[in-house]
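**Student:** Mind docking chain R with the ligand on chain E? Use the hints.
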Amino acid sequence: MLTLHCPYCGVHCDETELAPGGEAHLTRHGPGSDDADFESYLFLRENPRGVHFERWRHAYGCGKWFHAARCTVTLEVFGTYPAQTTAPMQAILDIIDEKRPGWRWRDVT
Amino acid sequence: MSDPVTALAGREAAHRVTIRDAGPRGMVTLRGDLEDPRILRACKALTGCAMPDQTGAVLDGDTGLLWMSPDELLLLVPCSEAGAAVDHLSDALRGMPHLAVDVSDARQIIALDGAGLREVLARLTPADLHPDALAPGTVRRTRLSQAAAAFWLISEEKAEVMCFRSVAHYVFGLLDNAAQSPEAGLF
Ligand SMILES: [Zn+2]
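Chain order of the listed sequences is E and R.
Residues in the first sequence are numbered consecutively from 1, following the working numbering.
Residues in the second sequence are numbered consecutively from 1001, following the working numbering.
Derived by calculation from the structure, the hints in this document are not laboratory data.
Worth double-checking, as some hints may not be accurate.
Cross-link-like lysine to any residue pairs, in silico, SDA-like; alpha carbons within 20 angstroms at most [what the hints assert, rightly or not]:
no., chain 1, residue 1, chain 2, residue 2
1, E, 64, R, 1099
2, R, 1044, R, 1080
3, E, 64, R, 1029
4, E, 64, R, 1031
5, R, 1044, R, 1102
6, E, 64, R, 1143
7, R, 1158, R, 1128
8, R, 1158, R, 1180
These numbers come from a predicted model, not from an experiment.
Next comes chain R alone, as it looks inside the complex:
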């Protein structure tokens, strides 16, 4: 096996908020009835995380479960385990309508580090970044300027942005530019 390489290949921009390629991450899209006990069991076994509520992000380091829609989850697992995670899901959910796909190579995760990250994101998205509207532990699917993206806060000073691999450099450029803007003190 060759080593996984992200589209951003380690790109990093250090500003008040640092924008950084988060590196290879295993990402598995799972669609199905999220209340089915077999799905709950399989997701718990793969990530150790509880099923998130609506728009929830339950994270444990680099693993986690992200609520993407009423019938869609994104599993975050170590990069080398994505294939095995799909096999595990296909086995555990045999006979029940579902879809499990390894999308690791189709996506890019960008890490944001720094106290002003709410403002950096707010410059690029119509989503409400106020702490009352987006607390750590929730995921927001939206757009960053003209590209579809999702982001979740890990803490007030740490967040991750996920976008399609094909627009990774575009999104990185947006974040890089937004992070260089003077502080507006909105949040």
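Chain E with its partners taken away, still in its complex shape:
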């Protein structure tokens, strides 16, 4: 069971109070993009064993979307951060560096 801290209302949310939103930090490729970019935006997702970045929505609470960084093996949560960013926050990366030296997720290290 996951417990995530909502950065908007400060509540420690149980997994069942949240709606999962899939992988974080995707770049949208829409009309006019080439096939390879569109395919990767629409279909290609990470399925890591370890560090992962996701979107979650505090559905049974404030209703806001936010980001979470966690470990898919241990369910350890490295941190949560607001939705208004296109890349993980440095403070979260520092925590992961400390706990999972040498980690990699897409082109983030």
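**Tutor:** Frame of chain E; chain R with the ligand shown alone:
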């Protein structure tokens, strides 16, 4: 005007913790920039209450302000004043992005009375009911079993639960059942 009727129509269940229809209540949802001085002034004028902090519930009897999200408040006012409260907000906030809606008829408030109320709620929600995590004066939006709900403690022996009108009897049934369970002595 016809008299307002709640979905629970006065339903009450007396156990160690009494579960009771709290009756008609004026509820106005307000969305906007909660730090804007015009919103602060209008909410103060309507409820007499100070702006709550994050997850705060500032209550004065049946009136109050509940923090629902960084850009959403719920105003509690006497039932007959909900319409006038929306008019007041629309006037006071003219020209500024906001939303003010009378949601009184869409909701139900259920009153809990009795020393074991933390345990009754804890049987139904994943929210932490420990006194350190949920003190009187805070509101917790969460779920009660399978229905969305919010609750706030007025004191250690008094709380109110708010849910959608359409699930009022379902939520009442949950609370009624939980209140009949033997005491676990958790809190
Ligand atoms: Zn939240």
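**Student:** Determine for every hint whether it applies to the structure shown.
**Tutor:** Comparing the hints with the structure gives:
Annotation: proposed proximity of residue 64/E to residue 1099/R holds, straight-line Cα distance about 17 angstroms (limit 20 angstroms). For the suggested pair residue 1044/R and residue 1080/R, the alpha carbons sit about 18 angstroms apart, so the restraint of at most 20 angstroms is met. Between residue 64/E and residue 1029/R, the direct Cα distance comes to roughly 17 angstroms. Compliance with the 20 angstroms bound is thereby established for this hinted pair. Of the supplied pair hints, the one linking residue 64/E and residue 1031/R holds, its CA atoms being roughly 13 angstroms apart against a limit of 20 angstroms.
Restraint check for residue 1044/R and residue 1102/R: satisfied, since their Cα atoms lie roughly 17 angstroms apart, inside the 20 angstroms limit. Only pairs whose Cα atoms come within 20 angstroms are accepted, and residue 64/E paired with residue 1143/R is accepted, the gap being roughly 16 angstroms. Between residue 1158/R and residue 1128/R the alpha-carbon distance is near 17 angstroms, which keeps this suggested pair within the 20 angstroms criterion. With a CA separation close to 17 angstroms, the supplied pair residue 1158/R and residue 1180/R stays within the 20 angstroms bound.
Comparing the model with each earlier hint shows no violations; every hint is respected.
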